[in-house]
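Engineer: Sequence:
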Amino acid sequence: MGRDDAHIGRRVREIRTWRRMSLTATAELAGMTGGYLSMIERGLRAITKRSVLEALAHALRVSPSELTGQPYTAADPVSAEGRAALNEVRVALDAYELGLDPEITPRPWPLLAADAHRLNTDLRADYAGQGAILPDLLAELHAAYVRDPEHRRDALIALMYAYYAATCTTKNLGGVDGWPLLAALHARSVAEELDAPEWLAYAAYLRAYATGQQNRPHQHASVIRALDQIGPHTNTDIVQVAGMLHLSAALASTAQGKAEEARLHLAEATHLTTHLPDNPDQNPNFAYLYFSRDNVGIWSVGLNTDLGEGGRVAEIARDVHPETIPAPDRQGIYWSDLGRALACEPATRDQSVQSLIRAERIAPQLIRTRPLVRETVLGLLPKVAHSSNTSRELRGLAYRMGIAPTR
76 MGRDDAHIGR RVREIRTWRR MSLTATAELA GMTGGYLSMI ERGLRAITKR
126 SVLEALAHAL RVSPSELTGQ PYTAADPVSA EGRAALNEVR VALDAYELGL
176 DPEITPRPWP LLAADAHRLN TDLRADYAGQ GAILPDLLAE LHAAYVRDPE
226 HRRDALIALM YAYYAATCTT KNLGGVDGWP LLAALHARSV AEELDAPEWL
276 AYAAYLRAYA TGQQNRPHQH ASVIRALDQI GPHTNTDIVQ VAGMLHLSAA
326 LASTAQGKAE EARLHLAEAT HLTTHLPDNP DQNPNFAYLY FSRDNVGIWS
376 VGLNTDLGEG GRVAEIARDV HPETIPAPDR QGIYWSDLGR ALACEPATRD
426 QSVQSLIRAE RIAPQLIRTR PLVRETVLGL LPKVAHSSNT SRELRGLAYR
476 MGIAPTR
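Quick note on my numbering: the sequence shown kicks off at 76 and runs consecutively.
None of these hints come from the bench; they were simulated from the model. Where a beta carbon is used, it is the ideal one built from N, C-alpha and C, also for glycine. Hints are supplied without guarantee of correctness; some may be wrong.
[Unchecked claim] Simulated pairs of lysine to aspartate or glutamate, EDC-like, Cα-Cα distance not exceeding 16 angstroms: (1) Lys-333 x Glu-384; (2) Lys-458 x Glu-468; (3) Lys-124 x Asp-425.
[Unchecked claim] Have a look at the derived ranges for each label pair, beta carbon to beta carbon: (4) Pro-224 x Gly-106: 17 to 25 angstroms; (5) Gly-386 x Asn-290: 26 to 34 angstroms; (6) His-192 x Met-96: 26 to 34 angstroms.
Build out the structure end to end from the sequences listed, making use of the hints.
Structural biologist: Take a look at the structure:
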């Protein structure tokens, strides 16, 4: 691989040398052999499991984002447009606080409600589109909360949706740099004003999403506290948030290599889906969480991929129907995680490439910047026959991700 292709491995070696840590000591702290770490550092082995990435970051005492180098500069304008929207979103996050009038005149409430809805439907995973409307929408919603008593609670709920979108945009395009946490903290203030257990739990889920990879034990503990606080699952709204909290806890466990603990949380999330209506059309879909059996299946594919259960992932995926969830980020993550799992075996590498390309087609701004997807593409490039159609498609994907093909 070329210098750019081995970015994570190069960063590991640079930080290890700077800390004056030996290869053997670093490998032991990360729970791997010195030979395996040496291959990573030389770009001969791609990191395709979240637990490996986070174990190395923990051993080197840095954030995982210090190793992945987000955000990436892709060759096409699609991802660049999303990143260009980041600054205005950040300015808005810093500028507005609940209860302070931004001294603007908001549009009529139906227009604000429509934009809040679009953030989590038509514009979901379209970070450039979200960035185009979020700054003004946040200002208008704060103004509506202060000035429009008739729609005050509606404005609070719309702010929750807006801060969810802001958290996703700043995290997926800007790395973990404090802005996702600020968006999640704003959501917490709004949830406290709503004063309902489902919204407080939703805010806890959002904060775990914003900062989870920085401290997985803390993420797991905070999610468990949120589950304890919401109490009995008395309605479908609480059931859905509780289910997503269990999935978040499963992710925290997986990243720490605690497979049994992760599976217990997955099992609990699966059980909670039995409390939902049998007819998906009757599912109220609280806060655009899309919690359902298929969503749990999507998470199961990703978590088992991170646990190294490639063969089991293919079996799980047969019973998952991502198209039932009208959320491109969820669908894109499903296909990218399936692609990561299929990349492990020579017999399924062509299927892996097709899954990764399908993921990119569905949610390009999200998929092209995901570190583990990029590492999977890097790992596949020298292994897929150069003259095949699959190789040409893979090299095209690598180019669009800003990765130089290896040959």
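Engineer: If a hint holds in the structure, say so; if it doesn't, say that too.
Structural biologist: Hints versus structure:
no. : hint                                  : in the structure
1   : Lys-333 x Glu-384                     : holds, 13 angstroms
2   : Lys-458 x Glu-468                     : holds, 14 angstroms
3   : Lys-124 x Asp-425                     : violated, 20 angstroms
4   : Pro-224 x Gly-106: 17 to 25 angstroms : violated, 57 angstroms
5   : Gly-386 x Asn-290: 26 to 34 angstroms : holds, 31 angstroms
6   : His-192 x Met-96: 26 to 34 angstroms  : violated, 50 angstroms
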